[in-house]
Amino acid sequence: MTTSPTAPFENPRAARVWRLFGDGRMVLMIALALFVFLTVLYPLFQVVWRSFIVEGSLSLANYEAVFLRASNFVAVWNSLWVSVIATAISVVIGTLGAFVVMRTDIPWKGALSLLFVLPFAIPPLFSAMGWVQLAGPVGLISQGWRAMFGPGPVPWNIYSATGIIFVLGVSNYPLVFLTVAGALQRVDPTLEEAARTAGVGTGRIMRDITLPLVKPAIYGGGLLAFVSSIDNFGIPAVLGMRAQFYVLTTRIYEALTVPNMPLATAMSVLLVGVALVAMVGFRRAEGGRSQYAVIGGKSTTPGIIKLGRAKPWVVAAIVLTILIVVVAPLFALVLTSFLRFWGAPLTWEFLTTRHYEAIFNTPAARRGILNSLLLAAGAATILVFTTALISWLNIKGRVRGAGTLDAIGLIPFALPGSVIGVAMILAWSNPPVGPALYGTIWILLLAYIMRYMAFGLQTSRATLTQIHDSLEEAAMASGASRMRTVRDITLPLLRPGLVAGWILIYISAFNELTVSVLIWTSGSETIGVWIFLMQDSGFTGRAAALAVLTLPVILILYLLMRWYARLEERRQKRQG
Amino acid sequence: DSPSGTVNFYSSMQLDIVEPIIAAFEERHPDVSVDLLYSGSVELEQRIFAEIEAGSLRADVIWAANPALFLNLKDAGWLAAHETEHTEAIPEGLRDPDNMWFAGRVHNMGVGYNTNLVAPDDVPTNWAEFLEWGPQAALASPLHSGTNFNMMGAFVQHDGIGWEWFEQAREAGVQVVRGTGDVTRGLVAGEFAVIKGIDYIMAAQAADGAPVSFAFTTDGVLSLPSPIAIGAGTDNPDAAAAFMDFILSAEGQQLLVDQHFLPVRTDVDPPAGLPSPSEIIALDVDYEWLAENGSELRERFSDLY
Amino acid sequence: MNSSSGAVTVQGLAKQFGALRAIDTVDFSIAQGEFFTLLGPSGCGKTTTLRCVAGLESADTGRIEIDGKPVFDSATGLDLPANERAIGMVFQSYAVWPHMNVAENIGYPLKVRGVAGTQIAARVEEVLKLLDMAGLGGRMPSQLSGGQQQRVALGRALAIEPRVLLLDEPLSNLDAKLRELMRAELKLIQRRAGLPILYVTHDQVEALSMSDRIAVMSAGRIHHLAAPEEIYDRPATRFVLDFVGAVNYLPCTVAGHEGGRMRLDVGGGTLEIAAPERLPAAADLTVAIRPEDLELAATGADDAPRARITLRGFVGEGFEYRLELGGQSLRARTEKTVVFEEGAEVVLTARRGVLVDAAAGLDSAVAAA
Amino acid sequence: MNSSSGAVTVQGLAKQFGALRAIDTVDFSIAQGEFFTLLGPSGCGKTTTLRCVAGLESADTGRIEIDGKPVFDSATGLDLPANERAIGMVFQSYAVWPHMNVAENIGYPLKVRGVAGTQIAARVEEVLKLLDMAGLGGRMPSQLSGGQQQRVALGRALAIEPRVLLLDEPLSNLDAKLRELMRAELKLIQRRAGLPILYVTHDQVEALSMSDRIAVMSAGRIHHLAAPEEIYDRPATRFVLDFVGAVNYLPCTVAGHEGGRMRLDVGGGTLEIAAPERLPAAADLTVAIRPEDLELAATGADDAPRARITLRGFVGEGFEYRLELGGQSLRARTEKTVVFEEGAEVVLTARRGVLVDAAAGLDSAVAAA
Ligand SMILES: Nc1ncnc2c1ncn2[C@@H]1O[C@H](COP(=O)(O)OP(=O)(O)OP(=O)(O)O)[C@@H](O)[C@H]1O
Ligand SMILES: Nc1ncnc2c1ncn2[C@@H]1O[C@H](COP(=O)(O)OP(=O)(O)OP(=O)(O)O)[C@@H](O)[C@H]1O
Ligand SMILES: [Mg+2]
Ligand SMILES: [Mg+2]
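From first to last, the protein sequence lines are chains V, P, C and F. Going by the numbering used here, the first sequence opens with residue 9, and the numbers climb by one from there. Going by the numbering used here, the second sequence opens with residue 1188, and the numbers climb by one from there. Going by the numbering used here, the third sequence opens with residue -16, and the numbers climb by one from there. Going by the numbering used here, the fourth sequence opens with residue -16, and the numbers climb by one from there.
Looking at chain V on its own, in the form it has when it is part of the complex (with noise of 0.2 Å):
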């Protein structure tokens, strides 16, 4: 036995554990398991715990108040039936805009791709508000559409599931566009090309060869469209309640303000475990794990469709889209930074600038601005390392357990925001251990860690599907240990998939409200936290002129993004 430097067991159980650690990967399943426990499980129990409290014992009171209201069953269905529209909206939105940017010979592709992503930086509340400036009983177009066919009610109405499902389905799809856009630019184009050559046209070609093999990534990006829908408050609440029409946030909202947060607590779990059933139904619909490796080793360069006649009409369709779900809502925020007041006549009269000035002249505002620029780059940062070394673990390294961190990093992003905010103050207010971390900066990052692990872990699992394990396998054999592997062949071929999840957080993060307000404290202001604050207290005009000056941070990062895209490029061009 002493020749051999490895010890055998004779359990092949411990054998296996033993090659586990020697390797690494259980050392990093131990440390990944606990930064996943302290961000997202301590929080969480702190939460789930104060639901069985009542009066300071164990009681299963609160889930029998909920679960005794008939109200809490409709707003749950509700919830579902309205995040389902939604979804499928944006996933059609969002697979189609992917497919023709990427993947056709369409001008401006640049451009075009910008503008897709853009909608992702409007604060949902902002959305509602713009639609309803928009699309509401007095707003533009309604009084477009009285001027042309006469006075009278509009034909549509706001104030109603339909018009939830539509801002919701026009506000979420960027994330099914970003998803999508990185596995279609991944897809061997030799597969499409053997379908032409067999005969078949373009159309038939995207519905029978593309979109099965970018399956995982439109699951994907639908599984974070459905529960950025389901765990949607500002929308419902504007456009929900005027027409008695409830969702399991607005009720959950309700609970808080009473205050009884235990209620408010058992009903977050509910929703959590909506938001789980939907996650493992996506789960299985996604399919079989080797069954889309596209990324091989034998390589080959993207394909571009030539749309030939299609060419103008597509265009036409896409700069139709871009007009509905883009361009009306960015210009009626822009719209309300230069009013002198929401809702006023427009008018030369009515217009300033005084917002702006109002912004600059705060230095908490400019405080704001710099905080969030700093937390969303540290928790997009932090969020892609983690989690695609979790996806690592759970799709290439098949450690045990990996899964299961896999799927509860998934579940912050169906609580409220509220709730988390919460569950942050309960969990960092009086630690147990370690410092008080409530009051300081640092519970922001680790509040947006909580709330945007999803992006990381859907977005790179989406990616590392797609690369075959024989490129892995070559680096071991060629010497490499595992982990180095990861480093120098994995996380490499994985990048444009941890771009694409660090921008989705990064844009996230950026403008977070609902958390940041419960947890923010004085020199920890960041831009979500004024953008509420000015709307709740009726600076409608200062806070949309925030919201406004986000945009230009989604326009540098877009572009720092495209500098790099195209570095790489060259760097790929480059000849010896």
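Quick caveat, the hints were computed from the structure, so don't treat them as lab data. Some hints could be false.
Part of the chain F face toward chain V, derived, beta carbon under 8 Å [what the hints assert, rightly or not]:
(1) A37
(2) P64
(3) A65
(4) R139
Stretches of chain V that chain P covers, calculated by requiring three or more beta carbons in the stretch to come under 8 Å of a beta carbon on chain P [as the list claims (entries may be wrong)]:
(5) 247 to 257
(6) 340 to 350
(7) 424 to 432
(8) 523 to 529
Glycine is no exception: its CB is placed at the ideal position from the N, C-alpha and C atoms.
For chain V, the structure is supplied; the task is to place chains P, C and F with the ligands on it using the hints.
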């Protein structure tokens, strides 16, 4: 010796009200710095209760719009009593008998109307007339707006109005929207003709050029104190007390009057054009009763709407 | 329209990738029912040419017709997409659809054409049997070995009967046995349907044994376009001689010329080959002799060159020898009956040989008795 | 520890995928410096066996040692990861890293081992030259042809000098010329470094010409493990006879037996082959004759079988014929000097043949003069 250090100040008062007061105070007490944590009233309450749930209240001074919150805090022992020279100048209804809280400000909820849609003759003079506007009338949900919640309490206990008012509103098609912001925006934009509006908000909007105005009703408006109090766990009681005294002082109140608010002191004149507190017919509010029956009321309302 | 009668006509095709001329003017025409092969070393532009014909790559200049119908013309900007060119194609990288099982992969082109389900199933069964893959219809591609995947790709192209079949090294991952079977099957299909085939391979034997005509390519150009025997026996350029089959080069001088035969002094002895024309004695030449044309014997004429066996390799049907002759290494191939030990001395004679100018390219090709 | 002296020892290896037995008990041992080949048809389990040796797949049962050190043992649960097995490997699917250029791909194994940058660059240059890819070091894989990518994969395994080299059809996408060059280079590397090679191929010629020993596999089992000549001339099972080289089967009865030679009546005539032992006359047998062992002549003995040429194919070094003899199709291979037209009648004699029991598998292998 003069107070020094930091005061953690939790406030749901609008920034343009609070900031000048803080600035004036810090000028007077250069050794004290006030850390303002401003938040919407609902979020502020969520935060306060979460902190309490977690075992410690960070706030040294709290100033919020909902009196019931302070009754709850007082009952749970989270407030510290404040003995002050200003007690004499503040009427009894505007302070706690045990000196646990004082009103720092008063605002009124009456009828807000759109001057383009409502002729001067048609402005509702009482709450029954308000209902005649049907779907063109709106209020913020008492479930989300603290002021409306208090108003609901006042209505229900009022002999001439009562719970029936809400049932009639429902029948007439009166709109209930989420918060004060929504209802104000709807009024400004012309979606609504009349709303349950707040005096200083209407005044501020009108100052911006919006076609809105505010009217007092003859059967009573809601005159709501916004209490201010010191947290029981404060680690800088001197500075906290100094800050609170400054707000209650004649100088502090004058700053509020400059912003269209009614003063809480009898020795400070109200803003020009506003009735003096004695001319206003205010609804009675029993905050104790409200604190006790609030949940039930809310449930009743959410069953109705 | 100057349409020709060929199944595929390619005129003046050129394509650059950046600074690299992947195809540098290629012209050829495939007749109806012809088996036409592009043969050349790795990276010479075979796949690129095929992809241009398929419509998967747009050439920079040139003109392509399929069945007399122009499908690409750089002058007019015409460029039909692949699905409108009525072709069947097998990819070098298989390109088996990972989300469909074997039967679905093969049946898909039929399904697209609206063939009824039962008919598809029957045809797929047939193709699977042909590919020696019966019973594997339900497998997913990730559960297949490399060769099995290649067969699926082949089956997909065979399922329908296209106007032209484009094949990019479709047999490279099959074992010799199966490869031979598939070769025969391809020939059969082609004969039966009169189907023109454009075949890409780097395998000389494959090219020689299957093709009606072969275009030997190098660095984006066609060096020689002719029937297999001509390519092998009378190569147009030294590259072709060199690439198609192994060859020994021996520097030599002309020692004599008698009765259509030439005596060449190769240093260490004299070899005799047939020569149609007279060359000046002592011209500075090289003779190229293929390994199988070198005859080895234990004894022979006194002036014949004598070489030493350095290595013997068994290749099944015979032996491959490495010989040393005056410091040069030669290769020879013999039947199994001719056995020499390593280290033995053998006498060389040449059955055939080709004279090459040492300075320039290929000068004359000379067949011997 | 019952370690053997072999470079690689595989004992009782078995691996199932679901219900499919991909490897069904495989045993072999590779000596130091030996060139060992797994040869078999597509899907027989070659790649799976190789992957188990590499540590990329865990076998269900069995034991593997590399250099006398156990690396896998299903009994103890030992299973070293690939990077601790000191192997070099070339993948059938290339597995070239798409995000690294050619030089980075080849240099990576050196980099992992901490070799200095300048040394890496020099070694990469060397390997590139060897692979006939000098100057392509800066290209990205997506800009390479199929064969070029395969060469990069090969270069990656050659860059370091591993304890064992595992090669999964590393030459399948190279042209014959380059393949031969690489074969020679592989042999050279192996001899120089005494490097044991485990080679996987489906190409008989490749296997026969390069290997010291060959294991012929089918359906997850080794049928015959021996030196190339033995495999070819004295195949252990009918499968091996059939798979390694082409073969003609003729039903026959023993017509006579004289002086170590046997006369076989094949219907239509008599063939004579050498036979070491006597068989009862008229036993119901089959004789297997390889195409190159069938001699064709215009004339011959009266009782020799006469066949008709149905097809002639040119294969460069000679011709391949299809013959018809009494309703059966036969194949024969001749040198270029033996030319018959299609339709001609030829007389057959056999140089060698192997007797096969018609009922059971392979009975006796018989070499002829
Ligand atoms: N997309 C590309 N960008 C740059 N160069 C390319 C690209 N595709 C091919 N090449 C180069 O063009 C040349 C021709 O490539 P092609 O694929 O046609 O070769 P091939 O003859 O099919 O070779 P093989 O037998 O190895 O498959 C090669 O040098 C290759 O590296
Ligand atoms: N992951 C898998 N799941 C199920 N079956 C598999 C899997 N991998 C391989 N097989 C099957 O196992 C058998 C052996 O596969 P293997 O790849 O070892 O074949 P091979 O001998 O290398 O063939 P080839 O020469 O075609 O590459 C094949 O029938 C194959 O379909
Ligand atoms: Mg090629
Ligand atoms: Mg294989």
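Consistency of the hints with the structure:
1. A37: Holds: closest Cβ of chain V sits about 6 Å from F:A37, inside 8 Å.
2. P64: Result: holds, 5 Å to nearest chain V Cβ.
3. A65: holds (4 Å)
4. R139: holds (6 Å)
5. 247 to 257: holds (count 3)
6. 340 to 350: Result for this restraint: holds, n = 3.
7. 424 to 432: It holds, with 3 qualifying residues against the three required.
8. 523 to 529: holds (count 5)
Of the numbered hints given earlier, the model fails none.
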